[in-house]
Structure formats: C-alpha cells, structure tokens
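Heads up: the protein sequence lines correspond to chains S and E, in order. With this note's numbering, you'll find the first sequence wraps up at 1628, consecutive numbering, no jumps. With this note's numbering, you'll find the second sequence wraps up at 490, consecutive numbering, no jumps.
Honestly, I wouldn't trust all of these hints.
As the list claims (entries may be wrong) - The following residues of chain E were derived to be distant from chain S, with all beta-carbon distances above 10 Å:
id, residue
1, K373
2, A375
3, V419
What the hints assert, rightly or not - In the DSS-like style, the derived pairs of lysine-lysine whose C-alpha atoms are separated by at most 27 Å in a straight line are:
id, chain 1, residue 1, chain 2, residue 2
4, S, K1573, S, K1379
5, E, K362, E, K318
6, E, K318, S, K1580
7, S, K1580, E, K174
8, E, K323, E, K311
9, S, K1573, S, K1532
Stated by the list, open to error - Sample of chain E residues with no beta-carbon within 12 Å of chain S, all distances over it, derived:
id, residue
10, S192
11, M195
12, Y197
13, G203
14, K205
15, Y224
16, P319
17, A333
18, K337
19, K412
20, Q469
No lab work stands behind these hints: they were computed from the structure. In this text, a Cβ means the ideal position worked out from N, Cα and C, and glycines have one as well.
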Amino acid sequence: MTLEDIKKPKNIVYKKTPLLTDTVMHYCPGCSHGTVHKLVAEVIEEMGIQEDTIAISPVGCSVFAYNYLNVDWEQAAHGRAPALATATKRLNPEKYVFTYQGDGDLASIGTAEIIHACSRGENIVVIFINNGIYGMTGGQMAPTTLLGMKTATTPYGRDAKLNGFPLVLAPMIAQLDGTAYITRQAVHTAPAARKAKAAIRKAFEYSQKGIGLSFVEIVATCNSGWKMSPTAANKWMVENMFPKYPLGDIKDVLKQE
Amino acid sequence: MAEKILMKGNEAIAVSAIRNGVDGYFGYPITPQSEVMETLMKEKPWETTGMVVLQAESETSSINMVYGGACTGKKVMTSSSSPGISLMCEGISYLAGAELPCLVVNVMRGGPGLGTIQPSQSDYNQCVKGGGHGDYNAIVLAPASAQDMYDFVDWGFELAFKYRTPVILLADGIVGQMMEKVELREMKPRRTKEELLAAAPWATTGKTADRPYNVITSLALESDVQEKFNQKLQAKYKEIVEKEATHTEYMTEDAEYLFVAFGCSARICEAVVDDLREQGIKAGLLRPVTLFPFATKRLAELSKQVKSMMSIELNAGQMVEDVRLAVNGACPVGFYGRQGGNIYTPDEIADAFKKFNNLK
C-alpha cells in the first residue's frame, strides 16, 4: 500500500469544516469535547443542514459550544436543555434540533427533563458527554463517577454507601417507548471517532423521521479533572470506563434483524 | 356587534391566546388555574391556528420550554399558580437575562409553602421585585376582571416583544375562577415566517447566509461585560417605568381619602368608595394596572391632595411599601389585608378605614 492509496477522501478522519468557527477552543488539551464538536460540525456540513439546525448548549464546560459551531444556539439553564429542545422542535418541526450536554447537566440536575423528553418521544438529538466528572466547576463527583474514583468531592474515592452508585442512563431510557436510537460511542481513536460520527449522523437523520428521540452517549475523558496526561486518560478510560459503560448500539428501532 | 360569552377568567386566558395568534403554551396543572390548559386542550388549536399546546412534567420544565420557544421568536406562554411560579423563578431570571419575550400567568393562591388553594395576592413581592436571582424586572400586569384576562394576553405580548422582556400577568384565584361576560375581540392570526423574522431578527430561526449565527444566552463571565449588559437592562427598565406605567382612577377628582388596590381588591374597593360616599366621606380609588412599572408619579401627586391613603391587599402588606415610597411621607399611609385565602367584605374594609382615619 502506497501513500497515494491512503490519501483518499474516504480515509480522511479529521479536517477543518467551515461549520467550525475560527475561535480558539477553551477546552484543555486532551479533552474529548473538541473532537465531538468537530464530528457534529462535519455531520451538519455533510448533510447540508446549517440553515435548518438549532443547537442547545448546557451548563458545564460545553456551555461555550456556541462559540465554536456556526449554527444558531440557545444556551440553557443547568439541566434544562431537553425542555428547550422540546419547545424549539415542536414549534419548528422542520428544523434539526440537538442538545449537547455533559453528565452533570444531563444525568444529575436534568434527569427529569431528559427522561420526560425521551418518554414523550420528542424528535430531537441528544449528544451526551460522559466523562464521569464535573469539569468546569473543578472536578467534583458526577452521577456517572465510577466507584473508587477520586474527585474533589470524593477525595477518598467514590464509596457506594456514602455517595451512591454510578448512574447508567442509556439502558434506562432505552426502555422508554419514545426513544428511537440509543448508542454509546467514544472518540479516543480514529476508528472510534469514525463510528461516533456515523452514529451522530444516524441520530440527526432519525430526528426527521418522527420516530422519537435519538441519544448518542460519548464516553469521554477529562484528563484535567482526572489529573492525568491525555494519553494516560485514554488508557484509563478504556480500562475503567468502558467496562461500566460498554460501547455500541443499545437500541435502534429501525434496525433490520 | 362583537360576541360576548360568559366564561371564567382562566378560560378567557386560553380563548384569548388562541384568538391572538399565540404560537405555543406549555404548562403544568395546579389549582386554581388548571382551566387554562384544560380549555386549550379542549379547543385543540393545533387543528385551527396551529398553536402548540403541551403539558410538561413540571413547572421547571414548562418555563424552560417557554425559554426554548421564545428563543425561536415565537409568541409563547405558560400559566401557573404561586408554588409553581416559585419553581419558575429560575427560568424567569434566565428569560430576563437573555432578553426573551414571553407571557407568564400567575393565578395567585395563598402561601407560603403549599398554602391554600383559595385566592390571594401574596406573590406581589415575588413577581414585582424579582423572585429569581439577579438585577432584573419583569413587566407585571394586574387584571381585575375576566375581560382584563382576555385583553391583557395581547397587551402582554405587545410589551414583551417591544422590550424583549418577560411579562407576568398577575391575577388571583378570584379573577381566575369568577365567571363574567367577555367580549371577544377581532381574531389576530399567528405571525407568518416573514413577520416573525421582522419582529425577532435575533431569534434562533436557523443561520442563513445573510447574517452571523444567533446566540441566545445570559452568560458573560467577564465582569465588565456583565456590568455593561446590566446597565443596558437597567436603561430598558427605566424606559419602561417612564412610558408604560398604567393605572385607573375612581372618584379621585375631589377625593380626601384614597384607597390603593389592584386586581380583585380594586373591584371590592370600588364598592367601599361608593358606600363611604353615601355616608358623605369623600373617598377615591387608584388601581395600579401595571405593578411594574408602578403608578409612583400619580400617587406622589395625589399625596398632596388627600388626607391619607390606604393600601388594601390580600396579603400581609406588600404593595403598601411601594405606596409609601411613592408618597415619601407626604401623607399617612395605612394598610388593611386578609391572608390565607380569606377575602374581605366592603364593610370590613370600611371599618378598618374609619379606624385608621379616626372617623365614625
């Protein structure tokens, strides 16, 4: 195989899409947010839906997602993004509406909003970044923090008796009749990122079919919060996060058996 | 001749929303205002005007649905009662901070806590002074009849879009539940896409080639940026205070004593004024129709004409503080109120008035 064989459009994993603005990202080096932003931007570009997309950012590190993607944005109160998305979509059914939320936002303070948006079968896309920690506020325990994991509010490691168990949301909402597509992905390697992008694209396509909510969980790193180097964080994620949050599709109502 | 229909104040809100081209209603059931959503669901406006009606999982969600709908430039509203409004205060602060237009109806019941389902006016401070966090105000309209409930929906949206601010329609259990004749005004269709773009160029309608992308947010981490924004908000509130304060007066021309009351209390005080006039006491009434902005200027004028004023409220004395600020010591200001869902009779108010003024 020569270099020319490899340098083909179908093999391109990363490129700068015009859907990403020129603003320098505030995310820490090694953080997964930048990669996921890029994948979402690429999907919007490739589908040609910039004019038809309305995005909703959460509270947390990705509150500033609106600085990076060249689409109209609504910034939600902590956890409430699915409520905004519900009204935005119902009042503008021709639009593609997606929320971008972290685990503190979606799986803690916003559990009511996400569960009821799923239950009502809102035709929206939810991108859920699960890195097991509150990044922006300085590395406190999230609902998805693993047992034994040290954070600013679990300095001796998460203890089930003291702090409860990690909340595994995706299989819970997969049981709800209003959800169409539930998948769990990661972006730590090029093949993983390509799979994640395909999942995001499917979620966007499903949202216009009137079949319910599509949910793409990205198991992600927060190397600053985890106090690791980017490489070590990826390794730790594979070894510790993936067993609790295994990758792959959890529900796909249109999948042919 | 315009059609007149006998209906509850709460029903008038719903009928008015449909007839005034409201795009969306998001609510959660709570007594004494559930007829608003019940009427909307029964009328099925999505089949006629295309209006969206949705029962949310909580008041928290309702107000955030309103936030989402308002971001897209649509005319959206919710309704609730006191404990539900407490939950919505976070969202109202965000709506004010993001400069979004919307209508929030509060059909007040007695508090604090779960309180009572009977009428009250004890959310004056909550709705007029803020309720949520930060330096903000919402425009507050106080209806006193079913007709007001109908008319203030359209007025509220007019003000909401004019100033890009949440508007609260502060009613009470009496006005919400009382049945009265309501004149149905001419139908207003929902805005077309072009009309919406003209009225709300800032909205999240989808980024087109002819403009930068729109962001609706209330976040400014830099202190200087946030302060500058706050100053802009305050300038807006100052303009609202100067231009939009609305009140009505009853028998004030030669009045020696003034009642100040809003909503259902103003209706009751009209009867008190009539009774006192029959006894030869020159009483009058000022009814603030907007609570923010308040009838400060007119009250200051009247304080030089009357011997005393008395604020009559279904609470422990909330608006009376604003009356005292307006009067600034120029005349004595008394207060009489009932709480817990109890309602005063005209005689009861007249007795309190005479006691305060040493009259027989």
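To see whether the hints hold, each was checked on the structure:
1. K373: holds, 30 Å
2. A375: The claim holds: A375 (chain E) sits with its nearest Cβ about 31 Å from chain S, beyond 10 Å.
3. V419: holds, 30 Å
4. S:K1573 / S:K1379: Holds: K1573 (chain S) and K1379 (chain S) sit about 23 Å apart, inside 27 Å.
5. E:K362 / E:K318: violated, 32 Å
6. E:K318 / S:K1580: violated, 33 Å
7. S:K1580 / E:K174: Holds: K1580 (chain S) and K174 (chain E) sit about 24 Å apart, inside 27 Å.
8. E:K323 / E:K311: Violated - the C-alpha atoms of K311 (chain E) and K323 (chain E) are around 35 Å apart, more than 27 Å.
9. S:K1573 / S:K1532: Distance of about 39 Å is beyond 27 Å: violated.
10. S192: violated, 8 Å
11. M195: Given that some Cβ of chain S is not farther than 12 Å from that of M195 (chain E), nearest at about 4 Å, it is violated.
12. Y197: violated, 6 Å
13. G203: Non-interface label fails for G203 (chain E): nearest chain S Cβ at 9 Å, not farther than 12 Å.
14. K205: It is violated; K205 (chain E) is separated from chain S by about 10 Å at its closest Cβ, not greater than 12 Å.
15. Y224: Nearest chain S Cβ is 5 Å from Y224 (chain E), so the label is violated.
16. P319: Given that every Cβ of chain S is farther than 12 Å from that of P319 (chain E), nearest at about 16 Å, it holds.
17. A333: About 8 Å separates A333 (chain E) from the closest Cβ of chain S, which leaves it inside 12 Å; violated.
18. K337: violated, 5 Å
19. K412: holds, 52 Å
20. Q469: holds, 32 Å
When the structure is compared with the earlier hints, violations turn up for hints 5, 6, 8, 9, 10, 11, 12, 13, 14, 15, 17 and 18 and for no others.
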